[in-house]
Amino acid sequence: MSKQINVALIGNPNTGKTSVFNALTGLNQKVGNYPGITVEKKEGICKLPRGVKAHIIDLPGTYSLNASSLDENVVIELLLNKTDKDYPDLAIVVSDVENLKRNLLLFTQIKDLQIPTILVINMSDRMAYKGISLDIDHLEQELKTKIALISTRKNKGIQELKELITHYKELSTEPCLEASSIDKAYFDNLRKAFPNQLLYKLWLVITQDVNFGKTDRKTFEAVEDFKTKSNADLKRLQQKETIKRYQFINETLKVGQTIDLKAAKDLRIKLDRILTHKVWGYLIFGLILLLIFQAIYDWSSIPMDFIDSSFASLSEWTKNTLPEGAFTNLLAEGIISGLGGIVIFIPQIAFLFLFISILEESGYMSRVVFLMDRIMRRFGLSGKSVVPLISGTACAIPAIMATRNIESWKERLITILVTPFTTCAARLPVYLIIIALVIPEGRIFGLSYQALTLMLLYLIGFGTAVGSAWILNKVLKIKSKSFFVVEMPNYKLPLLKNVALTVLEKTKAFVFGAGKIILAISIVLWFLASYGPGDNFNNAESIITAQYASENLSEDELNQKIESHKLEHSFIGIAGHAIEPAIRPLGYDWKIGIAIVSSFAAREVFVGTLATIYSVGSDEEETIKNRMAGEVNPILGGPLFNFASGISLLLFYAFAMQCMSTLAIVKKETNSWKWPLYQLVIMSAFAYIVALVAYQILI
Amino acid sequence: MTLADLKRGQQGIITDVSSIHIPLKLLEMGCLPGNAVELVQVAPFADPMYLNINGSHLAIRKETAIHILIETAHE
Numbered sequence: 125m126s127k128q129i130n131v132a133l134i135g136n137p138n139t140g141k142t143s144v145f146n147a148l149t150g151l152n153q154k155v156g157n158y159p160g161i162t163v164e165k166k167e168g169i170c171k172l173p174r175g176v177k178a179h180i181i182d183l184p185g186t187y188s189l190n191a192s193s194l195d196e197n198v199v200i201e202l203l204l205n206k207t208d209k210d211y212p213d214l215a216i217v218v219s220d221v222e223n224l225k226r227n228l229l230l231f232t233q234i235k236d237l238q239i240p241t242i243l244v245i246n247m248s249d250r251m252a253y254k255g256i257s258l259d260i261d262h263l264e265q266e267l268k269t270k271i272a273l274i275s276t277r278k279n280k281g282i283q284e285l286k287e288l289i290t291h292y293k294e295l296s297t298e299p300c301l302e303a304s305s306i307d308k309a310y311f312d313n314l315r316k317a318f319p320n321q322l323l324y325k326l327w328l329v330i331t332q333d334v335n336f337g338k339t340d341r342k343t344f345e346a347v348e349d350f351k352t353k354s355n356a357d358l359k360r361l362q363q364k365e366t367i368k369r370y371q372f373i374n375e376t377l378k379v380g381q382t383i384d385l386k387a388a389k390d391l392r393i394k395l396d397r398i399l400t401h402k403v404w405g406y407l408i409f410g411l412i413l414l415l416i417f418q419a420i421y422d423w424s425s426i427p428m429d430f431i432d433s434s435f436a437s438l439s440e441w442t443k444n445t446l447p448e449g450a451f452t453n454l455l456a457e458g459i460i461s462g463l464g465g466i467v468i469f470i471p472q473i474a475f476l477f478l479f480i481s482i483l484e485e486s487g488y489m490s491r492v493v494f495l496m497d498r499i500m501r502r503f504g505l506s507g508k509s510v511v512p513l514i515s516g517t518a519c520a521i522p523a524i525m526a527t528r529n530i531e532s533w534k535e536r537l538i539t540i541l542v543t544p545f546t547t548c549a550a551r552l553p554v555y556l557i558i559i560a561l562v563i564p565e566g567r568i569f570g571l572s573y574q575a576l577t578l579m580l581l582y583l584i585g586f587g588t589a590v591g592s593a594w595i596l597n598k599v600l601k602i603k604s605k606s607f608f609v610v611e612m613p614n615y616k617l618p619l620l621k622n623v624a625l626t627v628l629e630k631t632k633a634f635v636f637g638a639g640k641i642i643l644a645i646s647i648v649l650w651f652l653a654s655y656g657p658g659d660n661f662n663n664a665e666s667i668i669t670a671q672y673a674s675e676n677l678s679e680d681e682l683n684q685k686i687e688s689h690k691l692e693h694s695f696i697g698i699a700g701h702a703i704e705p706a707i708r709p710l711g712y713d714w715k716i717g718i719a720i721v722s723s724f725a726a727r728e729v730f731v732g733t734l735a736t737i738y739s740v741g742s743d744e745e746e747t748i749k750n751r752m753a754g755e756v757n758p759i760l761g762g763p764l765f766n767f768a769s770g771i772s773l774l775l776f777y778a779f780a781m782q783c784m785s786t787l788a789i790v791k792k793e794t795n796s797w798k799w800p801l802y803q804l805v806i807m808s809a810f811a812y813i814v815a816l817v818a819y820q821i822l823i
Numbered sequence: 219m220t221l222a223d224l225k226r227g228q229q230g231i232i233t234d235v236s237s238i239h240i241p242l243k244l245l246e247m248g249c250l251p252g253n254a255v256e257l258v259q260v261a262p263f264a265d266p267m268y269l270n271i272n273g274s275h276l277a278i279r280k281e282t283a284i285h286i287l288i289e290t291a292h293e
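Protein chains in written order, with our numbering: chain A, 125 to 823; chain B, 219 to 293.
Derived by calculation from the structure, the hints in this document are not laboratory data.
Here the structure is a predicted model, which means the values were calculated and not measured.
One or more of the hints may lead you astray.
Covered stretches of chain B, as calculated for chain A (at least 3 residues, CB under 8 Å) [what the hints assert, rightly or not]:
(1) 241-248
(2) 252-261
(3) 264-271
(4) 274-285
Pair by pair, the computed Cβ-Cβ distance ranges are [said to hold, decoys possible]:
(5) B:Glu289 <-> A:Ala387: 26 to 32 Å
(6) A:Ile499 <-> B:Glu289: 28 to 34 Å
(7) A:Lys206 <-> B:Thr233: 16 to 22 Å
(8) A:Ile393 <-> B:Pro262: 15 to 21 Å
Ideal Cβ placement from N, Cα and C applies to all residues, glycine included.
Given only the sequences and the hints, what does the whole structure look like? Please build it.
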């Protein structure tokens, strides 16, 4: 019989916990969400000797069991709830050999919960380099555990770890120190009041607001003795507890660990002298940003052009090969065009996540936080806001989730509110196609006008984000305790496997997440554009033939007139005409109007929508860009996409809040509809006004 | 003197932390009385400060650093 054991991977951030997870599970892993919250849940299966399987959960990184964020809270909720289906049979605490002292704090807390625990000491390949030697026997004895000394980088010790997991029942569940001695009387009373509960669990529940079966904090307050402790008292006790734990850890490591400082080499100091330097630090950061943008615009354009033309040919091929009919049209004009609008994003999204994951894995991102904190604080943001603002250039959704480690609520809220201004990947196809249409080719100082326009749009996005943060900082009256602690991890060469898995995972999530919306919208749009009510649509052929009877039109010209008449009187045409008065002052026609309205589901729908609208009724194989260039302004004549309307559109897309998924994530992260609604209304109204002014000036 | 008075490269020993102003997280990262501290690097305007506390490398703002009392070897 195959038996499955639940294993929880726990550890401080930057200990290589995820590398251990990847080493144990390989590709047998999936990423989901914890129910009801947006914290990422990574789980996987590890095959052990003798047919045993381990179900492994990679819990969010945490410094201790005293949660200070939603992510950390997940760890405690699981460890306190014995009835949870994921409650671990075994905990694996991952530590980094260079930060053993700090990492062991969490270990001693887990041991107090009396869960069988293995201590993994990772990055053992760095021991010689750092002059560290360990007395494993002594440590195992003092810490009452088994230790696996491993190196995920060199792929060492993984088999031994699997062996230890198999024999998890032999592990001791005894705590390594008596934490309750910090206030004996208090803990004795607690023990008497709740004789069936584990003392350390009770203490954790009292000191933080977690749901723990029937004994929540209110129950404690009902018991006479516990009212005597004020919050300040509890905090003092926690401090005492921390000191006590460190005393034990220091004693243990005095014998168990020797560090020969003479043998230690330190790359960190040399690198930090440059990378966090007052001048060079900023210069290097700027260069890295330039490199990232270069990769996204320049390098990814080759696969993107290829994808664009491939989908155009695929759509054409489908039309010619399959028997004529409504289904073929739906497939060729609705589904394939819509899919093309998603797939074309893959190169850019992948590049972006590649760079972001390298910056994070290498430890450089913390240096950026350090460098930028003072500057960002002027605008009511935190140094940690830089990470969301940079990730926002890929997608606002992961970016908003990345704000969780910002300690101050006000700084975090402002970051969430302004992040959608940064130019996300979904705006890019809109920008690219409109720039190609309305900005002339040509160069100044060797830089193309088109590239400069694009860069300007990014600067506008970033500038607006920072500017509105400054305003929000003045307007929002939120008192929140502001503190800022950021770990400066060691520099590490990113592990290829980790980077590849992150890129794969994030790209997949984006493509499938956005893909569903885009596909659904393309199909709906196709139906609305292909059918219509009344005579004008159904008898288009006879109406047009009669209207142009006197003129000698070729069959092709006549067909085109019929198709465009049909489109104008289709459901979508009618809807488009209804909103036309509102958007005409911005220089748009009803087709662009439809594209804008459907963009409120997700911006990237814009190009796909126009592709679907224009491809309905068109026989020729053409790229979307050529079709758009051929559109004529029905009133003024001349190309519909000219300089004035193009700039107006670019600015509209730069500012408008057109992404339902972002609104949904903001709702989840701020726990209220108020903030996403503000975002939607204020950003979109601002976009309308700016686009209006721009068009009226330029026309 | 407080942590905020340290010069770059200078070392000291933490003597007291004001627990009302210091988040528990910072204590858990090793910012406790008796531990050694070194100022590794400062950003422009000496804020934030990049520290090595008891072997842990971390950065905090000056506003937090003024609540951590230290003494240097010379005193």
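Unmet hints by their number, sorted upward, for this structure: As far as the earlier hints go, only 7 is violated by this structure.
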